[in-house]
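Engineer: Given these sequences and hints, build the entire structure.
Sequential numbering of the first sequence, starting at 320, is according to the working numbering.
Mixed in with the good hints, there may be bad ones.
Claimed, not checked - Here are the simulated DSBU-like cross-link-like pairs (lysine-lysine), alpha carbons at most 30 Å apart as the crow flies:
no., residue 1, residue 2
1, 628, 514
2, 512, 350
3, 512, 373
4, 373, 350
5, 629, 514
6, 373, 514
7, 514, 350
Rather than coming from a laboratory, the hints here were simulated on the basis of the structure.
This structure is a prediction, so every number in the text was calculated from the model and none was measured.
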Amino acid sequence: MAELPRLVRPMTPLPRRSLPPDEDEYGWELKWDGVRAVAYVQGGGLRLTSRNDKDMTRSYPELAVLARMLPRPAVLDGEIVALRDGRPSFATLQNRMHVQRPGERLMRAVPVQYYLFDLLHLDEESLLPRPYTERRDLLDGLGLDREPVRVPPWWRGEGESVFAVGLAQGLEGVVGKPLRSRYYPGRRGPWIKVKNVRHQEVVVAGWLPGAGRRADMIGSLALGVHDEGRLRYAGNVGTGFSETDLRDLAARLAPLARDADPFDPPAPREVARRAHWVEPELVGEVAFGEWTLDGILRHPSWRGLRPDKKPEEVRREDPA
DNA sequence: TTCCGACAGTGGGGTCGCAAT
DNA sequence: ATTGCGACCCCACTATCGGAA
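Structural biologist: Next up, the structure:
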């Protein structure tokens, strides 16, 4: 029996704001919002490991069929997803990902699928040095596209239209992989990702103190948006500003200090406990990925002040 | 010399499990 | 019983540094 590599750290894509000029040199895939997983198939058995090499096998018993679908030693790379309204939903998957031994009821309520997008080892051979296109062709030829395993499509070039498709389907974005590039375990790049980033105007309603390097500075800003005449809590943002930005914000917020929580309903207690409230008069803009089910910004980053906007005009855009 | 890639360190939302209260 | 915290997942981002270009 051939020996499989003990562990292969997954390769991660480098974030980019826009498509590269040489987009035709890349293979393009849609980006699936789930949990990254490397699969080791051998002797009819399956082992799943996380990005940090934690064993996830027991959490997803229904994926064990992969070992029966593929009766050859192999290492595969992909994303475990849970569908909601026909597309991968990380929020839905969160009901599964921490459960070590899911019961029948949970597995039926939140079924998962394994979206494969790379083949790293097959039989006796490591495929890491092979070009992306060869690995993909080999993977596509294994006949693994049967639920709960899927082998989603990819495209040579066409980054623009793949991105448009992802946008239209409400997906996270696209991943580009240089057609002739090998697989570099654990490295960021040369894969790239272009995310479907959204923007939202927000009212600054308070701030939380920082720690460590950020001690004596602002750690994050508490954000709100108006909804039916009330200022609704929309989460905190703690990244995207330089130290200069933080000092400038502190100076602007100091004269606006107030004692009472300006949110209605009040902010969650974990936030309120540490918050320094201000009059909700400063307007800024954040980039973010999506709204959570509770109306909180996911993956927010600060983009700057919007002195041209009035706080009472700040509404949640695109409530869907 | 400049630039790029990797790392460390800050911050976010969310869930689960467990210890302290 | 409730609360708080760390460990996991998903991240965005700034600042730094050493080696590649």
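Engineer: Hint by hint, say whether it matches the structure.
Structural biologist: Hints, one by one, checked against the model:
A threshold of 30 Å between alpha carbons decides the hint, and for residue 628 with residue 514 the separation of about 26 Å falls inside it, so the pair holds. A hinted pair counts as satisfied when its Cα atoms are at most 30 Å apart, and residue 512 with residue 350 qualifies at roughly 8 Å. Pair hint residue 512 plus residue 373 holds up; C-alpha atoms about 24 Å apart against a cutoff of 30 Å. Pair hint residue 373 plus residue 350 holds up; C-alpha atoms about 22 Å apart against a cutoff of 30 Å.
A C-alpha spacing of about 29 Å is found between residue 629 and residue 514, which places the hinted pair at or below 30 Å, so the restraint holds. A threshold of 30 Å between alpha carbons decides the hint, and for residue 373 with residue 514 the separation of about 26 Å falls inside it, so the pair holds. For the proposed pair residue 514 and residue 350, the alpha carbon gap of about 8 Å is at most 30 Å, so the pair holds.
The structure meets every hint from the earlier list without exception.
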